[in-house]
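Heads up: the protein sequence lines correspond to chains Z, L and X, in order.
Using our numbering, read the first sequence as starting at 1 and increasing by one per residue.
Using our numbering, read the second sequence as starting at 1 and increasing by one per residue.
Using our numbering, read the third sequence as starting at 1 and increasing by one per residue.
One should not assume that every hint holds.
[What the hints assert, rightly or not] In silico DSBU-like pairs for lysine-lysine, Cα to Cα no more than 35 Å straight-line:
(1) X/Lys601 to Z/Lys27
(2) L/Lys103 to Z/Lys172
(3) L/Lys59 to Z/Lys170
Don't read these hints as lab results, they were simulated from the structure.
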Amino acid sequence: MSASAVVFYILSVLILASALLAVTSGKIFRSAIWLLFSLTGIAGLYFWLGMDFVAAVQIIVYVGGIVVLIIFSIFLTQQSGKDLPAPVRARVLYSALAACLGFLLTCVLLRQFPFRQALIPDYDFAPDMSVRNIGIQLLSTKEHGYVLPFEVISLLLLAAMIGCIVLAIKTKPGDR
Amino acid sequence: MNHVPLIHILILSTALFFIGMYGLLTRRNMITMLMSVELILNSVNINFVAFNVYLYPQKLTGIFFTLFIIAIAAAEAAVAIAIIINLYRNFHSIDVEAADEMKF
Amino acid sequence: MPNAAYIMLIPLLPLAGFAVLGLFGRQHFRKTAGALGTGLVLISTALALWIAWQYFSAGLTNGYCPQTVPVKFTWLTFSSGLSIDLSMILDPISVMMIVVVTLISLMVHIFSLSYMRGEPRYATYYAFLNLFTFSMLGLVLSGNIFEIYIFWELVGCSSFLLIGFYFDRPTAVKAANKAFIVTRFADLGFLVGILILSFHAETLDFHTLIQRLTEPGPQLTSITTTSFLGISLLSWGLALVFVGGAGKSALFPLHIWLPDAMEGPTPVSALIHAATMVVAGVYLVARLYPVYSYSDPAVLKIVLYAGALSALLAAIIACTQTDIKRVLAYSTMSQIGYMMFALGAYGYTASMFHLFTHAFFKALLFLCAGVIIHHVHSNEMKDMGGMRKALPLTHACFLVACLAIAGIPPFSGFFSKEDILLAAWNANKLVYAVGLFTSGLTAFYMFRLYFSIFWNKPPAGHPHKMPLAESLPLVILALGAIFAGFSPFNRLVTYNGTPEAPHSIGVFAIAPVVLALLGITIAGNLYRKESDRPQRTAAAFKGLYQLAYHKFYIDEVYAFITKKIIFNLIGRPAAWIDRNIVDGLMNLLATVTARVAAGIKGIQSGKMQDYALYFFAGIAGLAVLFIYIYT
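Construct the entire structure; sequences and hints are all you get.
Dropping the structure here:
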């Protein structure tokens with residue numbers, strides 16, 4: 001059991017425990033914070049896998065953007081100190097059952113699939129994962145270039161922005 | 001890294017996925033439902049990155065997919081909040097059980 | 001030979017009249033319906049007379065009247081041999097019948113021009129009359145046994161419509177129902193008979209059917225050797241067909257509808273229930289006569305006895321009735337009994353001759369009755385009397401008809417009745433005696449009617465001016481009643497087309513004429529002057545009189561059978577099953593569906609998370625299914 005394996009298992013415990021607490025917590029603000037911990041744990045996982053850039057993006061966008069957005073919306077819509085109403089007992093049971101069965105089914109399937117595991121390369125063959133290279137690849141039109149999805153994503157973001165504004169706009173009374 | 005088999009990371013992401021699904025089905029508050037959806041998306045991200053590292057180390061495919069998913073998740077979260085605010089104005093409650101006008 | 005198109009026109013013209021008057025009569029033909037209907041029947045009559053002239057003059061010169069089928073359309077084919085065709089057959093009896101039907105129908109149409117004037121449903125009346133004429137013409141021209149059944153039912157339907165013409169009268173409605181139900185019940189036997197006969201003869205066509213069932217061959221052996229309950233199927237088939245004919249011809253005991261059918265307008269009674277429809281049964285037996293007489297004389301015996309019984313009973317009942325139309329109805333029943341037992345006594349020509357002459361004088365009697373009823377506004381004999389001054393033409397015609405029906409020479413009834421009695425003497429002496437006695441009774445009750453109407457009370461009133469539309473038919477029919485007896489029936493209308501040897505009138509004719517004169521004298525004695533002699537005579541015969549007056553209580557027997565037995569034993573349980581079990585089953589299905597629906601509607605809770613749960617459950621189930629079970 002090497003040190004990296006231990007690190008991995010600690011990280012996974014953190015991730016799963018925080019996630020579990022996020023979905024079961026009684027107070028909404030606590031739930032948001034547990035989510036934050038879980039996402040940070042995932043960023044740590046990315047660091048452990050050697051994907052620095054992805055980890056950084058995860059922290060910036062997810063933790064720093066989305067969770068903050070969620071917290072703001074909690075403030076906007078309700079008193080954050082109050083307890084959340086408890087879910088219906090029957091639904092809890094069925095959902096837990098469904099989740100466990102789904103998990104088991106997927107694990108069984110995973111176990112049967114023979115993943116062609118490549119030999120871990122040494123650092124000579126490691127790709128250039130610098131930010132500069134990622135940027136060039138993102139905008140390249142040659143093979144392995146991702147400029148098309150890039151453009152599509154920007155259209156999506158524009159649409160999302162406009163949609164948010166239209167949905168959330170408050171019309172003055174007497175206008176409609 | 002080679003001390004942890006790929007299967008373990010996949011099991012981790014699967015567990016995270018189903019925890020998120022449990023939260024989606026159980027939580028009565030719309031914002032907590034949004035949080036569960038974020039967990040689900042993150043589990044998919046873990047999958048992509050793990051496959052990239054373990055199965056296709058020469059390529060950058062996993063990174064790009066992860067980036068795109070994160071961008072989309074952010075946009076989707078924003079739209080979801082806008083919808084929640086709208087629903088709050090109409091039903092005066094964030095309780096998802098209150099929005100059951102499509103019943104029999 | 002006449003063109004097939006002209007033959008087809010004869011029934012089709014009244015059909016067109018029915019269609020036009022039925023669809024457009026109420027709006028467009030309110031006043032002219034009579035003219036249209038009568039005009040069409042006039043053309044049909046002219047065509048029929050022309051065809052008959054051609055046919056019979058050819059028959060006289062050739063010495064043979066053939067049976068031809070000028071018109072034939074294949075309609076429904078079941079197998080190579082068995083098909084329902086629409087064909088028209090021309091042989092002596094069918095040509096004679098088209099003359100009778102069109103002529104009497106024309107007389108009734110003309111009579112109704114004046115009789116039914118002012119009737120609000122004038123156009124409908126003529127439409128129904130035309131429908132009846134079409135149906136009856138189709139019936140007599142049918143060359144296929146199933147086709148005759150179709151027209152049989154059509155005639156029954158027209159009769160129903162016309163009896164119940166005054167549908168706001170409950171008695172008329174009941175009478176129409178009774179007529180239809182009784183004849184329909186008899187027609188069930190008819191249909192079974194048709195099926196038996198045609199199944200074994202493997203054909204529905206009359207010509208082929210008769211051929212196969214009279215000449216030795218595989219069909220005849222198969223039908224005579226198969227037996228059911230000890231009787232051969234041929235007997236069953238013929239007997240059942242006879243039952244159908246008996247229903248339509250009001251033979252005892254299926255006669256109960258005929259007196260009640262007098263609820264219809266009087267011209268209708270003249271046409272349908274005197275001259276044409278009621279003889280359809282006789283016509284049917286005559287059409288199948290070769291089979292009856294060659295292959296199964298036993299059933300012919302049934303025909304003989306049923307006819308004789310009917311004739312006698314009807315005559316007895318008619319002696320006691322007081323409603324003029326009822327007397328005439330029972331008289332019709334009695335005369336049809338004559339025709340039937342003539343057929344049973346191998347007197348084919350005699351029967352057909354009597355049919356011919358009877359049509360004239362019976363229609364004449366009914367039309368005169370119509371005039372009388374219109375004059376006194378009542379049907380009862382006690383309201384009439386001494387009318388010979390007020391209705392001179394009617395008086396003369398009525399007298400002519402009564403003499404004809406009583407069988408006094410030289411009127412037509414004498415010749416036909418004498419032929420019948422001769423045939424009965426040769427066949428069965430008992431039936432001859434019954435026929436003889438009944439002819440005396442016939443004279444008695446007819447002249448009872450005559451004297452009660454035109455004598456009995458002192459003559460009153462001025463001569464009533466009758467419109468031409470009413471007097472013309474009376475005169476024409478009276479001429480027919482006088483001269484029809486001289487037609488050469490024995491040379492023209494026989495069962496195989498070849499002439500029969502004529503027989504001399506001679507000594508044999510004396511007995512019926514003497515009895516008839518005796519009957520007339522007794523009737524004159526009792527009814528010519530008003531007195532209490534009728535009541536004293538009735539009191540002398542007390543039991544028999546009561547029995548006859550109540551029509552032998554047959555109606556009560558039928559009422560008992562239908563109400564107590566059929567309704568209670570069959571009707572009520574059937575209704576119970578229908579209401580509780582059949583309806584209950586349907587209601588149960590509906591209730592179950594409603595309950596299940598109410599139960600499962602909870603799935604549409606409107607809650608998104610429930611939907612997501614169902615969604616996931618479905619996907620998981622499908623995944624398991626496709627991965628593990630359908631690999």
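Results for each hint:
no.	hint	verdict
1	X/Lys601 to Z/Lys27	34 Å, holds
2	L/Lys103 to Z/Lys172	31 Å, holds
3	L/Lys59 to Z/Lys170	47 Å, violated
Hint 3 from the earlier list is the only one contradicted by this structure; the remaining hints agree with it.
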